[in-house]
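Enquirer: If you want the building blocks of each chain, they are given just below.
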Amino acid sequence: MNQPRPITVARALRDALTEEMRRDERVVCIGEDIGIPGGWGGAFSVTWGLEREFGQGRMRNTPISEAAIVGAAIGAAIGGMRPVADVQYSDFLFCAMDQLVNQAAKLCYMSGGQLRIPLVLRAPVGSNTRGAQHGQCPETHFFHIPGLKIACPAGPYDAKGLLKAAIRDDSPVLFLEHKLLYGAKGRTQPRAPSVTEVVPKEDYIVPLGTARIWREGADVTVLGTLLMVHLALQAADILAGDGIEVEVIDPRTLIPFDWEALEESLHKTGRLLIVHEDHRRGGWGAEIAATVHAEFGHLLKAPVQRLAAPFVPPPFSPPLEAAFVPSADQIVSTIHKTLAKDYDECQ
Amino acid sequence: MNQPRPITVARALRDALTEEMRRDERVVCIGEDIGIPGGWGGAFSVTWGLEREFGQGRMRNTPISEAAIVGAAIGAAIGGMRPVADVQYSDFLFCAMDQLVNQAAKLCYMSGGQLRIPLVLRAPVGSNTRGAQHGQCPETHFFHIPGLKIACPAGPYDAKGLLKAAIRDDSPVLFLEHKLLYGAKGRTQPRAPSVTEVVPKEDYIVPLGTARIWREGADVTVLGTLLMVHLALQAADILAGDGIEVEVIDPRTLIPFDWEALEESLHKTGRLLIVHEDHRRGGWGAEIAATVHAEFGHLLKAPVQRLAAPFVPPPFSPPLEAAFVPSADQIVSTIHKTLAKDYDECQ
Amino acid sequence: MTDTLPDNHRLHLYREMLRIRVFEDHIFELFEAGRLPGTVHQSQGQEAVAVGVCAHLEKGDFITSTHRSHGHAVAKGIPLREVAAELYAKAAGCCHGKGGSMHLGNLALGMLPAIAIVAGSIPIATGLALSQQMLGSDRVTVCFFGDGAVGTGAFHEGANLAAVWQLPVVLVCENNQYAASTPFDLTSPVPNVATRAQAYGIPAVTVDGMDVEPVRDAAAEAISRARKGAGPMLVEYETFRYCGHSRSDRNKYRNEEEERRWGERDPIVRQQRRLQEAGLLDDEAAAQIRAEVAAEVEDAIDFAQAAEAPLPVALWADVFAPGEAGMPDYWPGEETGEVSQ
Amino acid sequence: MTDTLPDNHRLHLYREMLRIRVFEDHIFELFEAGRLPGTVHQSQGQEAVAVGVCAHLEKGDFITSTHRSHGHAVAKGIPLREVAAELYAKAAGCCHGKGGSMHLGNLALGMLPAIAIVAGSIPIATGLALSQQMLGSDRVTVCFFGDGAVGTGAFHEGANLAAVWQLPVVLVCENNQYAASTPFDLTSPVPNVATRAQAYGIPAVTVDGMDVEPVRDAAAEAISRARKGAGPMLVEYETFRYCGHSRSDRNKYRNEEEERRWGERDPIVRQQRRLQEAGLLDDEAAAQIRAEVAAEVEDAIDFAQAAEAPLPVALWADVFAPGEAGMPDYWPGEETGEVSQ
Ligand SMILES: Cc1ncc(C[n+]2csc(CCOP(=O)(O)OP(=O)(O)O)c2C)c(N)n1
Ligand SMILES: Cc1ncc(C[n+]2csc(CCOP(=O)(O)OP(=O)(O)O)c2C)c(N)n1
Ligand SMILES: [Mg+2]
Ligand SMILES: [Mg+2]
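Chains as they are written, first to last, in the working numbering: chain A, 1 to 347; chain B, 1 to 347; chain C, 1 to 341; chain D, 1 to 341.
Honestly, I wouldn't trust all of these hints.
[Stated by the list, open to error] Some, not all, of what chain A presents toward chain C, calculated at C-beta under 8 Å: (1) GLY38; (2) GLY39; (3) ARG130; (4) HIS134; (5) ARG215.
Hints are computed from structural coordinates only; laboratory data are not their basis. Note that CB positions come from ideal geometry on N, CA and C, so glycine has one too.
Bound-form chain A, shown alone:
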């Protein structure tokens, strides 16, 4: 009767915020359109209705001022609050880049460890037919910045547990959510998988830096995040038909990164495909690939493969966009490539 029901990512995030705001008075949300009565609860309804419980004092609606949103969150964090700021699309992080890169990420270091910045910055990523200025997956920019942690949940359980961990963390955490994974109703999102999960009633966190193995397999490891996890799972299903066992690993946070989980998987499979929606050139997959070749080359049966967006901005046209974002079919064919490319001779 009282069976727990599966929930969406959006709901999981909202629950995490609600619980953390109840638990800790210092948690305050800062962003555009996040707590307007009759409004949407942010661009993707994650904070929908929260102003009824917490008021506009703790659900702070801002002008369109991404730099001030992040800057104010930094200051509030230093001054004793635990702000959860957000930008409506991750593309707008570039408007706040100085605050993020030069201030949030560096103040702790350059002050000699004098202060803490317990700040969470939420930002939706991914292409969903909005074109070049609303469809980027810019996670690699932040992956390259010392001083920021990066969380990127692929499902409701992780979304809730990681957001709680991020709020309780004393360093700035960039929290990336994928637009096609929110599970929003309304107009169909053609490429959106349906991702709901039952999550525990009890308080829990997913510690930053711990990977999730979505599927075990002995033949090849696919490392991916966000939407790509679900495409990898689809690909794994397809390949299972051919007797190929795919292991799907989601690091869940890019910084810190769970190297132990990846190493263990490589011991088993010896083959690695990295998939991300951010551009392939200079993407975080390149770092993983380079590090694996340099440090775990002895485990590899074939060179690491990477599949990611081409080096062009996100196009508006849906067929072009479909060609821009990696697909399950491409994952399948790239896995075949990985399997075909044995290091079968001495180099």
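Position chains B, C and D with the ligands relative to chain A; hints supplied.
Expert: Structure of chains B, C and D with the ligands alone, referenced to chain A:
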């Protein structure tokens, strides 16, 4: 008598600007403190005195407004000018990131090729005891953005030739200059090598996308840019004493990248060390390493090595800074590692 | 000034507003029916601003626009077919299907492809104006933006620079009372956008944006000032969007009384009434205009629906300007149009 | 208000300005002699602002500062030894040698480590003030910035937000007439920084920044307004830096007449004269203060010179806050303090 005299990078850049401004009325410089009578000619004196010839109409002194500097340059470029904008330290590019990433890099694409943005954006990089907000080498951020070209000259000949090529190019070019390579007089820069060259009197360009081989060698290839080229050359000198022949390649532009030159070198040496001053983690070297392993693995005698700044912000303290920036000694010892790590057995 | 407008010009204003209204109404139906990809931000209610401002511009003058770009595109003279095809993501669209609703534009017709980062176009408009000032041209740049833009750093830096350099740019704020769901007074410490101009010493006015002839007059003054080299001006138009912010927004954060009040000031109804009172339009003529407009819109949508999607190879095109001097951008292992064909 | 200042407070203002002056003069000599790393941005001539404003602050109140941070640090009560050691990049410095001249600060003493991105601290000051407002504290945040900052988007977004939320923050602009080599009027379309505040409905005044008691009075009003919850205020102080912008700048873009005129208004000389006229200071007492200050400065510099550089392992410390719940940040093949030891 009329022997041509070697010049510094700062002078080479100034000459390039002067010649291009004389050649083409559409060239206009936009930046802070660039053309104030009695002033400095920008933070590093590159534009010193140019307002005397060209006036403040073409040497446009701006308020401190990096976003407007880049935005105005974009608009001016679209409207028919060929602006050369600059920020005083590359760290301030983060203040203009939306204009750079969302506008300059994407407008040509998202408009379906309707317009051209012949814009050059100059920015000094590198650590020179100014700490976290004035010492970054942020080239990888732009390396990961489709739509921008990136030039990074290591000496006067290249500085002049690349700047002319960049000004004549119809796409946005980010032009990175290293603070320790300007050859400025004044207070000693402890780690600055002395780099002057004789450059041709005749008009010349260095085409974007063509590497320079600073030194030939058969044992190991070192790929580096900017200051790192000179440290690699020092390292090569040291190793030559041990009979180790180092080839030093400078791509001169990161986008486009001269893969032909690198491939040729790998054919010869089979070993690669990539050195950059930007952080190692997620740096452009990771992309080169991953690509070399995936596409040119058959040429490799040992895994690609990377040497770059650690994953911390630039510290102020000079001894810490010296440990932060890669050194010639570290290049030497990493080359020894590369040589020691033969793929001598089947993997 | 209104009295001196030539009759056919006053009719033109009417017809142009109607073209936008009918087009957007139609587009919205199609969008709701799932026929259009992406999202749409419409401007029903705000037509007087786009039309009244653009009425005074030459083809060579520039405009810049925002996420809400349909009305500006039509008013600046981009053919409806090109606009519709772009909304349908077709190769025949003004951006060849790569821009979409938020990036409409045609530079040859004087409209910079719209920029959907709020206020992102303001510094760029400044630069366009700078180029014209330096090239000795008398072209003017009009920069459209919403009330939400004035909170951004880009607005401030752009407006300041325009003032410092006395550039031929007109800052046109369409104050439609809301930025997405956020009412203007919740995020502005001053009651008018025009007040902000004091920080830059820029002359500014606040004007009724629901009446096309006064809209046009205020724009005319600002534009001719700029054209004469007298520097920038800011014109704030008070207006209202009838529709939701985008897509399926149902405006629950507004109240009906407010919507009714603004609806009573409908710019198309007002202009029609004015023309009728002046004896310039009778029922028959009005019906004919409506029929012509409906036919044009129909044609544009038919065209768009029948048009081809971009070729797959378009994915890789136009990252850089064509015909460069340097080497092409090539990366081993990267897919490109050529490899995949 | 000046008349009611207690005598010892008036003497205190004098002594504090002198401490900054003597310290900075000494530091500059050492810098010129090649004894100090990096660069220095000094504030001789501007001491009245730092001292007059901080005089009214409690230890628990916050200040934020800029690349030109020496005077603010001293005035907010950071011991000279800690300041000097930081300039010398020593572990005993307030930022343990990792910040340097442009990043002085000690949060426990109410000074956020200075931010050297022009205007970068303004949104952060807003946030500090927000935290105090939300925590129900009556602490005030004072945000120091230069005339150059007002062109930036960060100034605009921060000031606007402070006004919208009526935050307890005081915006203190030290208008020293130049941003680097650029004279204020070349890049500002309005003659005063205070004018800018109209865009935000923020009360603002322009005050002589070369006279410490009026400086203090204006700050006192703004600070107590903020403390009472009456929202932000902007105070512009007209002042002048005697020295170059930084390092070896020789001020060739200014003229001697201008420098002489400002020099005649020297705040330390003026306060000394005022105290002497009021009978609060005689030559002997003045000499004693000077001797004490000189000794303190001497001591601080000796301390700094003798202090230790940071340990090599400090390179890897403090990237993240200590004592985290999650996993540590580890990357195979990356050097870290532990590996290299
Ligand atoms: C920098 C930035 N922040 C946020 C957004 C998301 N967004 C799109 S439109 C909009 C509201 C804009 O309001 P306004 O400027 O008044 O224009 P209107 O939609 O009313 O025409 C917002 C917040 C954006 N596109 N860019
Ligand atoms: C965003 C940014 N742009 C440029 C600089 C380089 N810079 C450092 S100080 C300075 C001038 C600042 O002038 P002002 O704000 O008046 O302060 P002052 O130096 O006069 O105290 C400039 C341009 C910077 N630090 N940050
Ligand atoms: Mg609006
Ligand atoms: Mg100044």
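Enquirer: Compare the structure with each hint and give your call.
Expert: Hint check:
no., hint, verdict
1, GLY38, "holds, 4 Å"
2, GLY39, "holds, 4 Å"
3, ARG130, "holds, 6 Å"
4, HIS134, "holds, 7 Å"
5, ARG215, "violated, 26 Å"
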